[in-house]
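*Asks:* Construct the entire structure; sequences and hints are all you get.
From first to last, the protein sequence lines stand for chains A and B. At the far end of the first sequence sits residue 283, using my numbering, and the numbering has no gaps. At the far end of the second sequence sits residue 148, using my numbering, and the numbering has no gaps.
Some hints could be false.
[Claimed, not checked] Below are the BS3-like pairs computed for lysine-lysine, each with C-alpha atoms no more than 27 Å apart in a straight line: (1) K180/A to K79/B; (2) K230/A to K135/B; (3) K232/A to K79/B; (4) K135/B to K79/B; (5) K96/B to K135/B; (6) K135/B to K105/B; (7) K145/B to K100/B; (8) K96/B to K230/A; (9) K207/A to K100/B; (10) K105/B to K79/B; (11) K207/A to K230/A; (12) K106/B to K207/A; (13) K145/B to K79/B; (14) K96/B to K207/A; (15) K230/A to K145/B; (16) K186/A to K135/B; (17) K105/B to K116/B; (18) K145/B to K94/B; (19) K207/A to K145/B; (20) K207/A to K135/B; (21) K186/A to K79/B.
It is worth saying that the hints were derived from the structure and are not from the lab.
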Amino acid sequence: GAVVSQHPSWVICKSGTSVKIECRSLDFQATTMFWYRQFPKQSLMLMATSNEGSKATYEQGVEKDKFLINHASLTLSTLTVTSAHPEDSSFYICSASPTSGVYNEQFFGPGTRLTVL
Amino acid sequence: EDQVTQSPEALRLQEGESSSLNCSYTVSGLRGLFWYRQDPGKGPEFLFTLYSAGEEKEKERLKATLTKKESFLHITAPKPEDSATYLCAVQGTSGTYKYIFGTGTRLKVLA
Chain A
167 GAVVSQHPSW VICKSGTSVK IECRSLDFQA TTMFWYRQFP KQSLMLMATS NEGSKATYEQ
227 GVEKDKFLIN HASLTLSTLT VTSAHPEDSS FYICSASPTS GVYNEQFFGP GTRLTVL
Chain B
38 EDQVTQSPEA LRLQEGESSS LNCSYTVSGL RGLFWYRQDP GKGPEFLFTL YSAGEEKEKE
98 RLKATLTKKE SFLHITAPKP EDSATYLCAV QGTSGTYKYI FGTGTRLKVL A
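*Replies:* Pasting the structure below:
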């Protein structure tokens with residue numbers, strides 16, 4: 167149980183284009199999902215918290231207009247990197263907390279490797 | 038300010054050589070402390086949740102313990118397949134559900 171998927175697992179795009187990453191909770195409903203970014207040999211950096219049906223809460227320093235987050239249902243959140251540039255190349259990971267959970271564990275997806283040329 | 042510090046940054050063990058990883062935390066109120074394992078190029082895999090001082094959880098060769106200031110992840114008789122980065126995160130009672138992550142301990146177990 168508590169499986170989270172991400173799609174795509176990797177993507178290469180040209181500078182200036184937009185890329186959408188999907189995060190799905192496969193066997194549970196998640197009111198809250200999180201988006202992280204991870205650089206090589208570093209820990210996870212929280213980008214934003216998304217709640218189903220409401221606007222995402224972005225961490226300080228994260229550009230809302232560049233990283234668009236939509237949490238349209240209890241099992242799906244999307245991250246769109248708009249007008250991507252090489253500095254946006256990174257490993258993006260989502261996580262989800264079960265709505266019915268007694269505890270507050272986050273279950274993570276396998277990550278999406280984004281390379282912007 | 039909530040903060041999590043993990044030590045050591047990296048650890049090399051011989052197969053069968055037991056050791057412990059440390060996670061020290063400062064948080065205004067602890068809602069939970071979480072341990073994850075992360076393999077290269079993959080998302081973190083959930084291991085344990087600890088909520089109160091004195092609590093212990095076990096899974097195979099891993100045992101997590103919690104005090105009011107730190108948590109330990111004890112690895113007993115490790116095997117090469119235990120090689121990974123182990124991440125610790127805390128969740129405070131500040132009203133949000135976000136984690137504060139430590140920087141992780143990279144564990145390498147040699148055969």
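*Asks:* Against this structure, judge whether each hint is valid.
*Replies:* Hint check results:
Using a Cα cut-off of 27 Å, the hinted pair K180/A and K79/B holds, with the two alpha carbons roughly 24 Å apart. For the given pair, K230/A sits about 18 Å from K135/B by alpha-carbon distance, which is consistent with the 27 Å threshold. Straight-line distance between C-alpha atoms of K232/A and K79/B comes to about 24 Å, which keeps the hinted pair within the 27 Å bound. This hinted pair checks out: K135/B and K79/B have alpha carbons roughly 20 Å apart, not beyond 27 Å.
Among the hinted pairs, K96/B with K135/B is consistent with the structure: their alpha-carbon atoms are about 25 Å apart, no more than 27 Å. This hinted pair checks out: K135/B and K105/B have alpha carbons roughly 20 Å apart, not beyond 27 Å. Proximity of K145/B to K100/B is assessed by CA-CA distance (about 18 Å); at most 27 Å being required, the pair is judged to hold. A hinted pair counts as satisfied when its Cα atoms are at most 27 Å apart, and K96/B with K230/A does not qualify at roughly 40 Å.
Straight-line distance between C-alpha atoms of K207/A and K100/B comes to about 25 Å, which keeps the hinted pair within the 27 Å bound. A C-alpha spacing of about 31 Å is found between K105/B and K79/B, which places the hinted pair above 27 Å, so the restraint is violated. For the hint pairing K207/A with K230/A, the CA-to-CA distance comes to about 26 Å; that is within 27 Å, so the pair holds. At most 27 Å may separate the alpha-carbon atoms for a hinted pair to count; K106/B and K207/A meet this at roughly 26 Å.
For the suggested pair K145/B and K79/B, the alpha carbons sit about 17 Å apart, so the restraint of at most 27 Å is met. With a C-alpha separation of about 26 Å, the suggested pairing of K96/B with K207/A holds against the 27 Å cut-off. Only pairs whose Cα atoms come within 27 Å are accepted, and K230/A paired with K145/B is rejected, the gap being roughly 38 Å. The suggested pairing of K186/A with K135/B holds, with an alpha-carbon distance near 23 Å, which does not exceed 27 Å.
Taking the CA atoms of K105/B and K116/B, the gap is about 30 Å. The hint is violated against a cut of 27 Å. A C-alpha spacing of about 22 Å is found between K145/B and K94/B, which places the hinted pair at or below 27 Å, so the restraint holds. Of the pairs offered as hints, the one joining K207/A and K145/B holds, with about 14 Å between alpha carbons and a cut-off of 27 Å not exceeded. Our distance criterion of 27 Å between C-alpha atoms is met by K207/A and K135/B, whose separation comes to about 21 Å.
For the suggested pair K186/A and K79/B, the alpha carbons sit about 19 Å apart, so the restraint of at most 27 Å is met.
Of the numbered hints given earlier, the model fails hints 8, 10, 15, 17; all others are met.
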